[in-house]
Amino acid sequence: MSTEASISITDLRKIYATRDGALTSLDGVSFDVRPREFVSVLGPSGSGKTTVLKIVAGLEKKTSGDVRVDGKEVTGPQRKIGIVFQVPALMRWRTALENILLPSEVLGIDKGAAREKGLETLNLVGLGDFANRYPNELSGGMQQRISIARALAHDPSILLLDEPFSALDMMTRNQLNIELLRIWSERKKTSLLITHSIPEAVFLSDRVVVLGPRPAKVLEIVNIDLPRPRTPEMRVSKEFIEIVDHIGRRIGLEYA
Amino acid sequence: MLGKPNIIQWIKVSVTLIALVAIWELACRVFDIAPYLLPAPSAIVSRMIEKPMLFWAHGWYTLYETFAGFILAVLVGLIAAAVIVVVPSVRDVLMPILLIAQLVPKVAIAPILLVWFGYGIMPKIVIAFLVAFFPIVVNMANGLVSVEKELLDLGRSLEASRWQVFWKFRMPAALPDLFSGMKIAITLAVIGAIIGEFVGGDQGLGYLIIIANQELDTPLAFAALVVISLGGIILYALIEVLERIAIPWGQPLQQPQVAS
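In the order they appear, the protein sequences are chains X and G. Each step along the first sequence adds one to the number in numbering that gives the first Met the number 0, with nothing skipped, and position 231 is 230. Each step along the second sequence adds one to the number in numbering that gives the first Met the number 0, with nothing skipped, and position 208 is 207.
In case anyone wonders, no lab produced these hints; they're calculated from the structure. Check the hints yourself; a few may be wrong.
[Said to hold, decoys possible] Not everything, but these chain X residues come out facing chain G in the computed CB check (under 8 Å):
1) 56
2) 82
3) 86
4) 91
5) 92
6) 133
[Stated by the list, open to error] According to the in silico footprint, chain X covers these stretches of chain G (three or more CB under 8 Å from chain X):
7) 33-40
8) 144-151
Glycine residues also receive a C-beta, built at the ideal position from the N, C-alpha and C atoms.
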């Protein structure tokens with residue numbers, strides 16, 4: 000299966016050298032993400048979830064193990080990956096559209112084509128009317144949507160989302176979950192979401208990788224068999240609640 | 000910027016200033032204070048009107064020194080800040096040296112600069128440059144490193160070149176800090192130029208003050224002081240105008256708000 004996987008992680012270990020000695024953050028983590036699949040990595044805070052994402056993105060070095068993207072070993076950043084961070088990380092000196100065009104500029108993509116694509120992506124995230132607004136004129140939820148659009152605009156094949164909604168309030172968060180589902184269904188990217196919200200992970204994903212507390216191992220990989228397209232009503236369905244409860248117990252058990 | 004000045008605030012400030020000047024004028028007349036001790040505002044103004052060309056000529060000279068020193072400080076400061084931020088090994092050496100250099104009182108070096116550069120305009124420009132340089136470097140370097148970590152991660156993930164990271168990520172982020180530095184620097188540059196003129200020379204508003212003092216022509220000294228202050232205010236205002244043009248995106252980004 001690892002040959003056909005978009006992202007394949009095998010026995011990934013990350014050990015940090017700290018003042019108090021070696022700190023094992025990831026202790027043999029293995030899982031795959033298939034093409035166009037939506038996978039979430041769920042775990043308690045400090046479990047090294049974000050480290051997994053950064054290693055896949057080539058922004059951080061692993062200690063040992065095998066990490067491959069499209070069959071090639073990750074040695075550094077790759078342009079086929081789009082990243083959404085925990086904070087919007089927008090350039091406050093650029094308008095919404097200009098922010099979205101940044102990756103294309105850096106990558107040297109033709110301006111006209113990039114602009115068209117940028118406007119299209121801005122429309123996709125529902126901010127077509129805000130192309131010329133500066134970030135500080137927009138709400139936190141809108142800023143994070145722009146950040147999603149920025150990650151998508153240069154058409155990467157893989158989307159990495161690092162707790163993108165954790166700084167938002169519950170209502171905005173739920174709303175953006177639904178938005179993200181819609182965006183994902185329109186631009187089927189291989190997606191890896193890092194989150195500590197069980198309902199969020201279950202609602203969005205095809206599979207959820209449950210990590211334990213540090214040093215993190217994979218406790219379980221849960222298949223989410225809820226039908227697609229998913230609707231907000233499913234959040235109160237019996238199946239949904241059962242899965243959420245199951246994962247909750249799984250994480251809770253590890254603490255006990 | 001200390002918030003947006005509104006019309007009511009302007010009126011309050013103007014009225015207060017006018018009142019202070021009126022009290023000053025009144026005090027001089029009522030207590031019959033000798034003009035060489037404290038000239039009345041009216042005496043200062045009439046002194047300015049008497050010989051406007053005197054102030055123009057010396058004013059331009061001081062302005063020229065100030066501006067030359069300031070521009071030099073901005074150019075060298077920008078380059079120094081860029082090197083400090085982009086080349087970490089240089090930062091470790093250059094930052095402490097800059098700090099030590101900043102501790103040397105510039106006023107005390109002024110006479111030595113005179114020995115080195117003569118009595119012309121050069122030592123004045125150098126002093127203006129020296130005092131204006133530090134706030135530019137410190138503010139600019141701070142600004143260049145103020146880029147969000149995640150933005151830099153984004154740059155890395157896109158394999159942006161050093162050049163791209165500098166011009167697209169760091170430079171615009173540093174603009175507000177550069178302008179804060181420039182506002183401090185321009186007022187310091189005026190002071191530097193005046194110090195240079197105090198120490199030696201035969202032109203400029205600082206020189207005019209020295210001459211006026213020697214002749215106990217206090218109204219002339221005050222008149223020169225008013226011109227210096229007005230010049231400083233105008234230069235400061237010019238930079239604020241430039242800032243508004245260069246930074247159309249307004250106030251620094253607030254934390255993400257809660258509402259969608």
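Status of the hints after comparison with the structure:
1. Annotation: residue 56(X) was flagged as interfacial toward chain G, and the flag holds, the nearest CB pair being 6 Å apart, inside 8 Å.
2. Because the smallest distance between the Cβ of residue 82(X) and any Cβ of chain G comes to about 5 Å, under 8 Å, the interface hint for this residue holds.
3. Using the Cβ-Cβ criterion of 8 Å, the hint placing residue 86(X) at the interface with chain G is satisfied: the shortest such distance is roughly 6 Å.
4. The closest approach between the C-beta of residue 91(X) and any C-beta of chain G is roughly 4 Å, which is under the 8 Å cut-off, so the hint is satisfied.
5. At about 4 Å, the closest approach between the beta carbon of residue 92(X) and any beta carbon in chain G falls short of 8 Å, and the interface hint on this residue holds.
6. The beta carbon of residue 133(X) comes within 4 Å of a beta carbon in chain G, closer than 8 Å, and the hint placing it at the interface holds.
7. Restraint check on the stretch 33-40 of chain G versus chain X: 0 residues with Cβ-Cβ distances below 8 Å, three needed, restraint violated.
8. For the stretch 144-151 of chain G, the stated coverage by chain X is satisfied: 3 residues place a CB nearer than 8 Å to a CB of that chain, which reaches the threshold of 3.
In this structure, the one hint that does not hold is number 7.
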